[in-house]
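Turn these sequences into a full structure, and let the hints guide you.
Quick note, the sequences are listed as chains Z and Y, same order.
Letter by letter, the first sequence follows residues 1 to 290 in our numbering.
Letter by letter, the second sequence follows residues 1 to 85 in our numbering.
Rather than coming from a laboratory, the hints here were simulated on the basis of the structure.
Values in this document were obtained by computation on a predicted structure and should not be read as measured data.
Any given hint might turn out to be false.
Subject to a maximum C-alpha distance of 30 Å in a straight line, what follows is the list of computed DSSO-like cross-link-like pairs (lysine-lysine) [unchecked claim]:
#1 Y:K52 to Y:K19
#2 Z:K266 to Y:K51
#3 Z:K196 to Y:K51
#4 Y:K77 to Z:K266
#5 Z:K196 to Y:K41
These stretches of chain Y come out as covered by chain Z in the derived footprint (C-beta under 8 Å, 3 or more residues) [to be verified]:
#6 24-37
#7 43-49
#8 72-80
Quick reminder that beta carbons are idealized off the backbone N, C-alpha and C, glycines included.
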Amino acid sequence: MTDRPREAWQAEAGWTPGVTNTHYDQDPRIFRLFLDPSMKYSPGLFPDGGESLEAAQAKKMHFIAQQLGVTRGSRVLDVGCGWGSLVCFLAKEYECRVTGVTPAPRQAETIRERAARLGIDDRVRIEVGHFHEVDLSRGAFDGVSFVGSITHFHDKPAAIAKAYSLLKSSGNVYLSETCFRSAAARAEFEARPGTKYVLEGIFGWAELIPVSDYVRYFEDAGFSLRGLTDLTDAFHRTIEIWSENVERNRAELEALDAGLPDRLIKYFDVSNAGWGFTSKQYALTASKRR
Amino acid sequence: MQLQEIEDTIRAVVQATLKLPNADISSTTNLRDLPGVESIKILRIVANLEKKFDVRLDDQVVFRVSTIAELAKVLAKLVEERQAT
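The following block contains the structure:
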């Protein structure tokens with residue numbers, strides 16, 4: 001927001017700064033200036049190598065749909081749904097009935113408008129609140145996804161256990177996240193300035209853990225693990241494109257939030273320098289079935 | 001590959017990565033003490049060296065990078081191992 005302090009409209013929107021990630025609370029216009037048109041703030045997929053960001057994000061969402069095993073009419077829950085790229089995609093392309101959860105009122109508003117515009121509002125429901133507080137039907141969902149959201153959860157095992165309770169007996173969960181490459185990498189890099197800059201300076205609060213911890217949380221919740229996919233190169237390419245977009249739209253971004261282009265570029269540089277050394281991007285799929 | 005040759009290659013990578021083309025970086029200078037060096041720059045140096053020498057450095061080397069001489073010793077050993085197989 002350019003015309004009044006961020007705190008003013010945060011208070012108006014019922015936002016509690018510091019409780020969750022202030023980054024996503026920024027004016028959606030900012031994100032339109034470097035993300036793809038669906039505003040998906042997570043890696044795309046580039047199987048051919050030369051995909052546009054928009055095409056890569058569509059390929060990625062088809063991949064998620066396959067991992068979740070959804071079909072026409074499936075009930076899907078997207079936890080931490082951002083600006084609703086996956087929610088709207090599954091409702092439109094797969095005719096799924098999709099519930100999205102976000103703690104950001106402005107994101108919810110954006111998604112509802114978009115669903116209405118796409119004529120899919122009868123299949124899209126958005127719950128505003130924190131996942132652990134939102135009341136959802138147990139055993140009701142065919143699929144639950146956490147696309148780059150669980151990093152912001154303080155109690156990750158509880159979130160995965162809740163996902164288990166919300167799934168039907170044959171349901172699947174998909175989780176993709178940036179992870180420390182190993183426990184040793186976490187011990188070495190967690191307190192370094194670059195890590196702190198990204199996790200606290202950019203996102204307000206986030207926590208990276210090694211993928212082995214997620215595997216254990218899935219096991220502890222009762223899930224059967226089905227697959228692990230390395231998305232690191234895809235995220236590297238995605239961030240390259242986001243950086244190019246920030247540079248192209250630098251003046252507009254600067255006008256919306258002074259200093260933001262430099263902060264974003266620093267975040268992207270730190271991230272892309274660390275892949276494979278400090279961090280990895282993984283997708284995990286698990287099933288409730290035995 | 002001679003140790004001196006490896007050191008020269010490392011020095012060129014360090015100078016290019018840190019954008020200090022004419023800096024006189026001695027083989028025994030701790031790279032972390034150079035102006036403007038932070039851990040992401042060290043990672044970029046390591047990534048460039050791994051590519052250039054077609055080797056994979058151990059975490060302990062990556063985390064503890066100190067001098068060009070020390071890196072050269074580790075790289076010389078890895079290159080020798082690779083060539084022996």
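Hints, verified against the model:
Our distance criterion of 30 Å between C-alpha atoms is met by K52 of chain Y and K19 of chain Y, whose separation comes to about 18 Å. Restraint check for K266 of chain Z and K51 of chain Y: satisfied, since their Cα atoms lie roughly 24 Å apart, inside the 30 Å limit. About 28 Å separates the Cα atoms of K196 of chain Z and K51 of chain Y, which keeps this hinted pair within 30 Å; it holds. Simply put, K77 of chain Y and K266 of chain Z have alpha-carbon atoms about 35 Å apart, too far for the 30 Å limit, and the pair is violated.
Between K196 of chain Z and K41 of chain Y the alpha-carbon distance is near 16 Å, which keeps this suggested pair within the 30 Å criterion. By the rule of at least three residues with a Cβ nearer than 8 Å to a Cβ of chain Z, the coverage given for the stretch 24-37 of chain Y is violated, with 0 such residues. Residue count for the stretch 43-49 of chain Y with a Cβ under 8 Å from a Cβ of chain Z: 4. That meets the three needed, and the coverage hint holds. Only residues whose beta carbon comes within less than 8 Å of a beta carbon in chain Z count, and the stretch 72-80 of chain Y has 0; fewer than three means the coverage is violated.
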